[in-house]
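Visitor: Sequence:
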Amino acid sequence: HYNADTANSKYMFYVVREFKGNYEAVKTDREAVSISILDRDAEMASRMVNEAVQYINDVNNSIIRDNKQRT
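Take 1 as the starting number for the sequence shown in the working numbering and just add one per residue.
By construction, these hints were calculated from the structure, which means they are not laboratory data.
These figures come from a predicted structure and were not determined experimentally.
Check before you lean on any hint, since a few could be wrong.
Said to hold, decoys possible - When the alpha-carbon atoms are kept at most 20 angstroms apart in a straight line, the in silico DMTMM-like pairs for lysine to aspartate or glutamate are as follows: (1) Lys20 <-> Asp5; (2) Lys20 <-> Glu51; (3) Lys68 <-> Asp58; (4) Lys27 <-> Glu51; (5) Lys20 <-> Glu43; (6) Lys20 <-> Asp41; (7) Lys20 <-> Asp39; (8) Lys27 <-> Asp58.
With the hints as extra help, turn the sequences into a complete structure.
Guide: If you want it as structure tokens, here you go:
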């Protein structure tokens, strides 16, 4: 998708660098997280945002579970 030359040993570095330039996650003034991903394929961007949201939810749920077990 990012035209990565997988024969190049540093291809993942270039993919991550390009992705980071198209990804933004910020905390809003209402303590929420706003995620935006730019991509030439709108469907791909949507899937990436959904995966990021799911990951953040999983991390938050894990933290909440751990905190409940400690009390």
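Visitor: For each hint, tell me whether it holds in the structure or not.
Guide: Cross-check of the supplied hints:
| no. | hint | in the structure |
| --- | --- | --- |
| 1 | Lys20 <-> Asp5 | holds (18 angstroms) |
| 2 | Lys20 <-> Glu51 | holds (15 angstroms) |
| 3 | Lys68 <-> Asp58 | holds (15 angstroms) |
| 4 | Lys27 <-> Glu51 | holds (18 angstroms) |
| 5 | Lys20 <-> Glu43 | holds (18 angstroms) |
| 6 | Lys20 <-> Asp41 | holds (16 angstroms) |
| 7 | Lys20 <-> Asp39 | holds (11 angstroms) |
| 8 | Lys27 <-> Asp58 | holds (17 angstroms) |
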